[in-house]
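Protein chains in written order, with this note's numbering: chain A, 158 to 606; chain B, 32 to 304; chain C, 359 to 657.
These are calculated hints, taken from the structure and not from any lab test.
It cannot be assumed that every hint is accurate.
To be verified - As a list, the in silico DSS-like pairs of lysine-lysine whose alpha-carbon atoms are at most 27 Å apart:
| id | chain 1 | residue 1 | chain 2 | residue 2 |
| --- | --- | --- | --- | --- |
| 1 | B | Lys98 | A | Lys449 |
| 2 | A | Lys445 | B | Lys77 |
| 3 | B | Lys98 | A | Lys216 |
| 4 | A | Lys216 | B | Lys250 |
Claimed, not checked - Cβ-to-Cβ under 7 Å is the rule here; a few derived chain A residues that face chain B:
| id | residue |
| --- | --- |
| 5 | Gln191 |
| 6 | Thr195 |
| 7 | Arg222 |
| 8 | Asn224 |
| 9 | Val226 |
| 10 | Ile227 |
| 11 | Leu228 |
| 12 | Glu229 |
| 13 | Ser243 |
| 14 | Gln247 |
| 15 | Ala418 |
| 16 | Thr422 |
| 17 | Glu443 |
Built from N, CA and C at the ideal position, the CB exists for glycine as well.
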Amino acid sequence: MHGKVDEKKVKMPSPRRLALVPAILASAVMATAQTQITIATVNNGDMIIMQRLSREFEKQNPDIRLNWVILEENVLRARVTTDIASRGSQFDILTIGTYETPIWGKRGWLTRLDQDLPAGYDLGDVLKPVRDGLSFQGQLYALPFYGESSFTFYRKDLFEAAGLKMPEQPTWDDIARFAKALHHPEDGVYGICLRGKPGWGENIGFISTLVHTFGGRWFDEAWRPELDSPEWRQAVAFYVDLVRECGPPGVTSDGHNECRALFATGKCAIWVDATVAASYMFDPAESKVADKVAFARAPVHASPVGSQWLWSWALAIPASSRHTAEAKRFIQWATSKDYIRLVARTDSWAAVPPGTRRSTYEEPQYIKAAPFAGLTLKAILAADPARPTVKPVPYIGIQFVAIPEFQSIGTQVGQFIAAALSGDTTVEQALRSAQAAVERTMQRAGYYR
Amino acid sequence: MKKSLRDKTLGSAAAWPVALVMFFPIFWMFVSGFKTEVEAVSTPPKLVFRPTLENYAAVWQRADYVKHAGNSVVISLGSTLLALIIAVPAAYAMAFFPTRRTRGMLLWMLSTKMMPSVGVLVPIYLLFRDFGLLDKRLGLILLYTLVNLPVVVWMVFTFFKDVPREILEAGRMDGAGPKHEIVNLLLPLAFPGVASTALLAIILAWNESFWSLNLTAAKAAPLTAFMASFSSPEGLFWAKLSAASTMAIAPIVVLGWLSQRQLVRGLTFGAIK
Amino acid sequence: MASRPDRSAGRRRRPSSPAFALKLPAFLILLLWAVVPLAMTFWFSLQRYNLLSPGVRGFARLENYRYLLTDPGLATAILNTLVLVTGVLAITVGLGTLFAVLFDQPLFGRGVARVLVIAPFFVMPTVSALVWKNMLMDPVNGVLAWLARGVGLRPVDWFSEAPLAAIVVIVAWQWLPFALLVLLTAMQSLDPERREAARLDGAGPLAMFFFITLPHLRRAIGVVVMIETIFLLSVFAEIFVTTAGGPGLATTNLAFLIYRFALLDFDIGGASAGGVLAILLANIVAVFLMRAVSRNLET
Chain A
158 MHGKVDEKKV
168 KMPSPRRLAL
178 VPAILASAVM
188 ATAQTQITIA
198 TVNNGDMIIM
208 QRLSREFEKQ
218 NPDIRLNWVI
228 LEENVLRARV
238 TTDIASRGSQ
248 FDILTIGTYE
258 TPIWGKRGWL
268 TRLDQDLPAG
278 YDLGDVLKPV
288 RDGLSFQGQL
298 YALPFYGESS
308 FTFYRKDLFE
318 AAGLKMPEQP
328 TWDDIARFAK
338 ALHHPEDGVY
348 GICLRGKPGW
358 GENIGFISTL
368 VHTFGGRWFD
378 EAWRPELDSP
388 EWRQAVAFYV
398 DLVRECGPPG
408 VTSDGHNECR
418 ALFATGKCAI
428 WVDATVAASY
438 MFDPAESKVA
448 DKVAFARAPV
458 HASPVGSQWL
468 WSWALAIPAS
478 SRHTAEAKRF
488 IQWATSKDYI
498 RLVARTDSWA
508 AVPPGTRRST
518 YEEPQYIKAA
528 PFAGLTLKAI
538 LAADPARPTV
548 KPVPYIGIQF
558 VAIPEFQSIG
568 TQVGQFIAAA
578 LSGDTTVEQA
588 LRSAQAAVER
598 TMQRAGYYR
Chain B
32 MKKSLRDKTL
42 GSAAAWPVAL
52 VMFFPIFWMF
62 VSGFKTEVEA
72 VSTPPKLVFR
82 PTLENYAAVW
92 QRADYVKHAG
102 NSVVISLGST
112 LLALIIAVPA
122 AYAMAFFPTR
132 RTRGMLLWML
142 STKMMPSVGV
152 LVPIYLLFRD
162 FGLLDKRLGL
172 ILLYTLVNLP
182 VVVWMVFTFF
192 KDVPREILEA
202 GRMDGAGPKH
212 EIVNLLLPLA
222 FPGVASTALL
232 AIILAWNESF
242 WSLNLTAAKA
252 APLTAFMASF
262 SSPEGLFWAK
272 LSAASTMAIA
282 PIVVLGWLSQ
292 RQLVRGLTFG
302 AIK
Chain C
359 MASRPDRSAG
369 RRRRPSSPAF
379 ALKLPAFLIL
389 LLWAVVPLAM
399 TFWFSLQRYN
409 LLSPGVRGFA
419 RLENYRYLLT
429 DPGLATAILN
439 TLVLVTGVLA
449 ITVGLGTLFA
459 VLFDQPLFGR
469 GVARVLVIAP
479 FFVMPTVSAL
489 VWKNMLMDPV
499 NGVLAWLARG
509 VGLRPVDWFS
519 EAPLAAIVVI
529 VAWQWLPFAL
539 LVLLTAMQSL
549 DPERREAARL
559 DGAGPLAMFF
569 FITLPHLRRA
579 IGVVVMIETI
589 FLLSVFAEIF
599 VTTAGGPGLA
609 TTNLAFLIYR
619 FALLDFDIGG
629 ASAGGVLAIL
639 LANIVAVFLM
649 RAVSRNLET
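Given these sequences and hints, build the entire structure.
Printed below as a string of structure tokens:
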């Protein structure tokens, strides 16, 4: 196909192309006056809004130009970790969470961000648990963009029709009772939807909170895993029985997204998951149950400690970045009170990034637009990653354990629990395999010989 | 002729259902791009709905399609062209001047592809970092050329072997050197095969998502990165993903359609003999 | 087509320098490409190297291999890899040959039908997997479930009950067009005169297929098998976005196991050992395959 061959010769200059040269030179001159910053972020709704509104920032700061790399969370984390650990210097701003920040801060890979903040920034306004989650030894290494905890979503219409009432603080036994009563698969409604897809950030994120509220822990003070403890067995057996009896089919491939779709299309009576999904449940464009959804606190069992998780997506700067000053200006802008007000103006109060600043929760318009705000705030303030369960632990983190090995450990354990959920193994077998796998990993990592 | 019309109808009755079933998932994806997010995942699946362009608008606004598409085109075409330039002479030599070691060499070429990319990620990343090839289109062009070369050599070798030797010998008798032989005789004869190989190499480069995500950032990112940004971990995204995917495969489908005309033509031995 | 006189003996006496020069660039480049990263991988596999703990370095001798070989998931991963490869090969070669015959016939709108049937190969693997998982195979919201319920069957919960089968279906769907394209192109080089001669001799369609078409396609089938095998041995994207290797280890293949080492553990030493193991496994598979399709490399 000779046409195709010509296409490939496109790179040779032609008179028309040469005429473009002055234009290219001109824009190159302009471009060199600009600092180009590369920012890597997750493609959640709030970050997409940030990307859109960043044009405002570029207008106010014409010497900075942002180049965006937007990826799905797991891919982003792998990409960014590879780059920062091998000093590839591909990025100037990273979007990381409360899991990586303390670890990377400890390694000295991140720039410290609690110094030279502009006057109106008001770091004290940032919620303390979130601030602590992003610090190492009291030094802040990332500025929080949004924060979340977990709570219970439920269908108030289905509860009313069945004559049931959801208390503000339900227990897991309550939830099991409700789910059984509301489970009507023949009508296309399942009693409860919970995450089942294997992954340290998927099913394990949820199961961690379950185990903690049942009184179990991941590791004892000597870093020996306790997955074969009675609390773990009770928690996982409870989860497997509940979901098998009252959950939708296909649950082992349901992660946060799939559960969200199920609840939004009216298939679930109850759902326990991230608070950030709440604003989408209220949006009629994204949810069929916008007028039927209500909220309660995350269920508890033996103790409320560790029943709700804490997560924050934050913006950080690698220590190897060559544009630290400009990057700081953007980060400070994107996590400021003014930014929150900007989102309220351009989008709505319901769409502002939640869970970072107390001032957001004191704003009457926000409370009006987001009826779940009060519960969200309570959940975030009650979540203390330094004390995830009643028994003493050597680790930080509620829905994860802030050690580098956890990504692998969590995913492996998640796979075993999913096998129990799909009936391939019993809960005992699954936990025994999980315990062995965790011990192996911890031993290799040098926690004990 | 009645008989051939009957044959055509019978043939179509067998082949068309297959085509439709194979195409259905893509059709479904295409259609979902015009639904709202909630409609895209609801049951029963909706075939009748009010189409909307909101997803395309959102996709267009959010990511720079033109930049990514441009990168994809440059990288795919560049690496395929480079691979062909290197592969055609090699395949020619192996097909028409085989030695005892030819078979071993072909096998060895293939074995270089056998390691999962994820196992060699860090070595390659470090190499690219040291040579300044990170986030550069040239880096991906070189990488894809190397990655696809074994496949291209193998396939061109296979199609060359299908060409009847008599024609080439006739040309050689006339005093044609290897270059003339390849360009003026062999390539036209083996053209559909080489074209299929080129098409496949372009598709492999176009859709390759591991290296293209890990070795680029903002500047050299091709359409696979564009796609990856719509695979959302939070929220309903299937309608937008469908729209983005349709946009991402549109150039390739057009290319495939155009090249199909060449492939359908087939080898015309009769005419040459 | 008359059988070609074997003139290979005469060929070898020709000067081999032009042939050598022609092969040289490909050979050199591949040598460089194969040697450098492989050497690095091999070297890393003997090192203690974790990206997240840069201070801990040192010669680990065979420690990484020992750790890899004692991984309880390794046997399952290798088995799953082999099942996946053979399953997809069987489906794509079997159906590919059948479809090639179908699409070689005169059809109404042949060009359009061919583009439609080849289209799956154009779509990015991750997108294909997501479409299959969420829009087609989902037991609640998916099209297949809706069809099943429509005829009164219980929808199959693909990713819980038959996860590896689900992955095989998705990957086979993606690669069938490749097999079809290669086989169809090869089929078109079959001399119509030969077919006519066979028909005149009274050969029915089945005999035609087995005695004329299939032998002609042998080389093409060999190519399809070799090339697909390379790609199928390292299937990763589809598993990553659908099952994350689970439930349990049901869909963990060797590539996914290495991913766990490389991008969850950031254990480069372990990942490199896994890579070396993958190459060993692939070479063993290749030897078996070569025996099976060796006739096609007639030189």
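Going through the hints against the structure:
The straight-line distance between the Cα atoms of lysine 98 of chain B and lysine 449 of chain A is roughly 43 Å, outside the 27 Å bound, and the hint therefore fails. Annotation: proposed proximity of lysine 445 of chain A to lysine 77 of chain B holds, straight-line Cα distance about 15 Å (limit 27 Å). With a C-alpha separation of about 22 Å, the suggested pair lysine 98 of chain B and lysine 216 of chain A falls inside the 27 Å cut-off, and the hint holds. As the CA atoms of lysine 216 of chain A and lysine 250 of chain B are separated by approximately 21 Å, the hinted pair is consistent with the 27 Å bound.
Checking glutamine 191 of chain A against chain B by beta carbon gives a least distance of about 14 Å; that is not within 7 Å, so the hint is violated. Look at threonine 195 of chain A: its Cβ gets to within about 5 Å of chain B, closer than 7 Å, so that hint holds up. Here the hint on arginine 222 of chain A is broken, as its CB sits about 10 Å from the closest CB of chain B, past 7 Å. Interface restraint check: asparagine 224 of chain A against chain B, minimum CB-CB distance 3 Å, threshold 7 Å, status holds.
Interface restraint check for valine 226 of chain A: the shortest CB-CB distance to chain B comes to about 5 Å, inside 7 Å, so the restraint holds. For isoleucine 227 of chain A, the interface hint holds, since its Cβ comes within 7 Å of a Cβ in chain B; the closest pair sits about 4 Å apart. Taking 7 Å as the C-beta cut-off, the interface hint given for leucine 228 of chain A holds, the closest approach to chain B being about 5 Å. Because the closest C-beta pair between glutamate 229 of chain A and chain B is about 5 Å apart, less than 7 Å, the hint holds.
Interface hint status for serine 243 of chain A: upheld, as the beta-carbon distance to the closest one in chain B is roughly 6 Å, under 7 Å. Against a cut-off of 7 Å between C-beta atoms, the interface hint on glutamine 247 of chain A holds, since the closest Cβ of chain B lies about 4 Å away. For alanine 418 of chain A, the suggested interface contact is upheld, since its CB lies about 5 Å from the closest CB of chain B, less than 7 Å. The closest approach between the C-beta of threonine 422 of chain A and any C-beta of chain B is roughly 5 Å, which is under the 7 Å cut-off, so the hint is satisfied.
Proximity of glutamate 443 of chain A to chain B holds as hinted, the smallest CB-CB distance being about 6 Å (cut-off 7 Å).
Hints 1, 5 and 7 from the earlier list are contradicted by this structure; the remaining hints agree with it.
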